[in-house]
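Take 1 as the starting number for the sequence shown in the UniProt record's numbering and just add one per residue.
Hint data in this document are derived by calculation from the structure and do not stem from the laboratory.
Take the hints with a grain of salt, since some may be wrong.
Straight-line distance between alpha carbons at most 25 Å, and here's what the computed DSS-like set of lysine-lysine pairs gives [to be verified]:
1. K19 x K32
2. K32 x K21
3. K32 x K51
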Amino acid sequence: MISLERQQRHARQQDNKNKQKRNHQAWMVLTKLVMLSSRNLCTCFARRMSKAAEDEEDEEDVDTKMVS
1 MISLERQQRH ARQQDNKNKQ KRNHQAWMVL TKLVMLSSRN LCTCFARRMS KAAEDEEDEE
61 DVDTKMVS
């Protein structure tokens, strides 16, 4: 029969392994969220910049039409 001390040690080792696994999974999820949110921010920023550039071009077209 396995001694009580050995059973407790084994249980602690299993708990530690499970904690490490959960921590790793949590970090992976967090990393994925950060990557997705930063990608979305970059995409959103790029869209706004291109929209601003288009608006500037439209304003220039209006200015040249008014001058003509």
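| said: Under the constraints set out in the numbered hints, which ones does this structure not fulfil? | reply: Failing hint: just 3.
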